[in-house]
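S.K.: The hints should help you fit chain B onto chain U, whose structure is shown.
The listed protein sequences correspond, in order, to chains U and B.
Per our numbering, numbering through the first sequence is continuous, rising by one, with the last residue being 416.
Per our numbering, numbering through the second sequence is continuous, rising by one, with the last residue being 416.
In case anyone wonders, no lab produced these hints; they're calculated from the structure.
Ideal placement from N, C-alpha and C gives every residue a C-beta, glycine not left out.
Hints are supplied without guarantee of correctness; some may be wrong.
Incomplete in silico selection of chain B near chain U, CB under 7 Å [claimed, not checked]: (1) S58; (2) R59; (3) A69; (4) R79; (5) M82; (6) G89; (7) M93; (8) E94; (9) T133; (10) Q251; (11) P256; (12) A257; (13) Q275; (14) P277; (15) F298; (16) G299.
Coverage of chain U stretches by chain B, computed from C-beta distances (three or more under 8 Å per stretch; other residues unrestricted) [stated by the list, open to error]: (17) 63 to 75; (18) 124 to 134; (19) 165 to 179; (20) 290 to 301.
Number of protein chains: 2
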Amino acid sequence: MSRIWNFSAGPAALPQAVLERARDEMLDFHGTGMSVMEMSHRGKPFMEVAEKAEADLRKLMGIPDDYAVLFLQGGATGQFSAIPMNLQPGGQPMDYIDTGAWSGKAIKEAQKVGPVNIVASSQAEGYASIPERSTWKLDPNAAYVHYTPNETIGGVEFHEVPDVGDKPLVADMSSTILSRPIDVSKFGVIYAGAQKNIGPAGVTVVIVRKDLLEREKGQVPAVLDWKLQADNDSMYNTPPTFGWYFAGLVFEWLLEQGGLEKMAEINQRKADKLYRFIDNSAFYRNPVEPSARSWMNVPFILADDSLDGPFLKEADAAGLSSLKGHRSVGGMRASIYNAVPEEAVDALIEFMADFEERHA
Amino acid sequence: MSRIWNFSAGPAALPQAVLERARDEMLDFHGTGMSVMEMSHRGKPFMEVAEKAEADLRKLMGIPDDYAVLFLQGGATGQFSAIPMNLQPGGQPMDYIDTGAWSGKAIKEAQKVGPVNIVASSQAEGYASIPERSTWKLDPNAAYVHYTPNETIGGVEFHEVPDVGDKPLVADMSSTILSRPIDVSKFGVIYAGAQKNIGPAGVTVVIVRKDLLEREKGQVPAVLDWKLQADNDSMYNTPPTFGWYFAGLVFEWLLEQGGLEKMAEINQRKADKLYRFIDNSAFYRNPVEPSARSWMNVPFILADDSLDGPFLKEADAAGLSSLKGHRSVGGMRASIYNAVPEEAVDALIEFMADFEERHA
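Just chain U, with the same shape it has in the complex (with noise of 0.2 Å):
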């Protein structure tokens, strides 16, 4: 068995011990004479796992206990008409802050329930910053405020969690959630896909004041209905039992790795050698104002277009794999999540310098 590194932007890499731990286990769960994907998710064994796993995601994030934490499935595309259909009770208008393919897709599908209030936009700059805060056009009236902490696919980030005063504020932080400490007390609603920072594609957490369960709302489907789940532990229907078990062992890894300053410190890290690399050459460039750089997903265009084709290939030859953009976007993109190690981004430095050397 070989490893490569793994850049890819989700389904993204894992850490290895998490799932060596997976793998051992998988015919005999803890002695049960079952693998974890066999038991009933409301027996005795599945149940520790649920509730470690809750309670090891609280402890990392710093959860309130006014906070529900659900374990839901769908994915952040499901949350995004879960959201105005929990939220917003008929005819409010909903804020949503427009920074890229993303929140143009949560945009779309609050659409389909209510009027929606684009705040704020960076279209026009072709999605490469933040819009300025004091720009924004907040609608009193909103149910609440929705913003996309991390675009995957631009690579733009907010380092500063944006003040909306009273108003509830709703972040899909897919793929930025556990890379660095966050003060969830600031938020309404905080939701991600598991397929980045928390393990395989098919859970989707959700943390939810619970004063918010409260709201009057219209006729939800059972399964986007966070009351509903929340009365039920997130068990109204069969939970994905396999994703629920494998992001608790991902979120007991991150604690042994020394939690999340710890992440932050070396995500960070991670992010400013290979932001200080490509910035340092003519070859490679990276788009986005530097201020909104995502620690997350750093996009990367060759000089010479041309080149793409071989890079690519000479990457993969090389174990770096999944480094292609977005086909939306075109160019290179390196998704450097938790699971991926400083030693990977390294290796790419180093493939990357090599590889201008020869074709610049």
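M.R.: Only chain B this time, still in chain U's reference frame:
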């Protein structure tokens, strides 16, 4: 490692050979240097996994070309909402047959969307039988007819596909899919949560006749929109890749076993011998009308319910796990899906006979 016999109703036993294969390739899928969980769903290796899983399912079930096959999230409960949202343009009645707990949940979700007509119900008989087809009151204006071919909790199964004329027949096959051959062309929609006969919880298979994708409909959340998902090969959003892959391994295993004709033969033999043993005993009893007994879920009650505790405890000690009946009905239930071998049923019968001898 010591594996037990697992009679869980779901998540349920999986084929040991499949678990072993998933374990063995967990850290390095086919020489890619990464887990199948860590790769982009849009990359070539996963696309091949996804396509092969669909092709094998089509082969196993004989799914005609004019049916789409979707691999979604949200379980059958998600589809309880998706069905009325995708099939009912607004205001039209929807026909539902009520044969137990799962029919009831499907009806509840449909009622959020529009008017439901209960065509027939076995509630008055304690859901221990199937309402005679001649008593059904179909609505001539109904958008479709929904039924639950196998009720996992009650252990009641339709052994014939009901004739509902030219209305689309919609079937929740969660706990009976792949247990025997069926004529897919008799259905408008077949759907199933994976966690009984397909794979791990978190994948939902939807087989839908393509003309039904073109029905006029209202606003549907993207994750529940069949047409959107069909147009995007079930990848409008990130699919549950590990579950999809695992389902594919189960389909391969079923083809290796000889396909659904062979599984039907084994499943019928397993069920027949267990029911025969129960019927010949005054100590155990199955409450279901013989012609409606499920091949997959066999509930049984002990004449003396003070022995329930000892029965479960001794069964567990004998390596027979998860026999407790659903909390809503009590007693015992043996779920004997495809992955539960005949040997397990023999061991169960032997234990039951021995327990009876010692306690009768």
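S.K.: Which earlier hints can't be squared with this structure?
M.R.: Hints that this structure does not satisfy do not exist here, as all of them hold.
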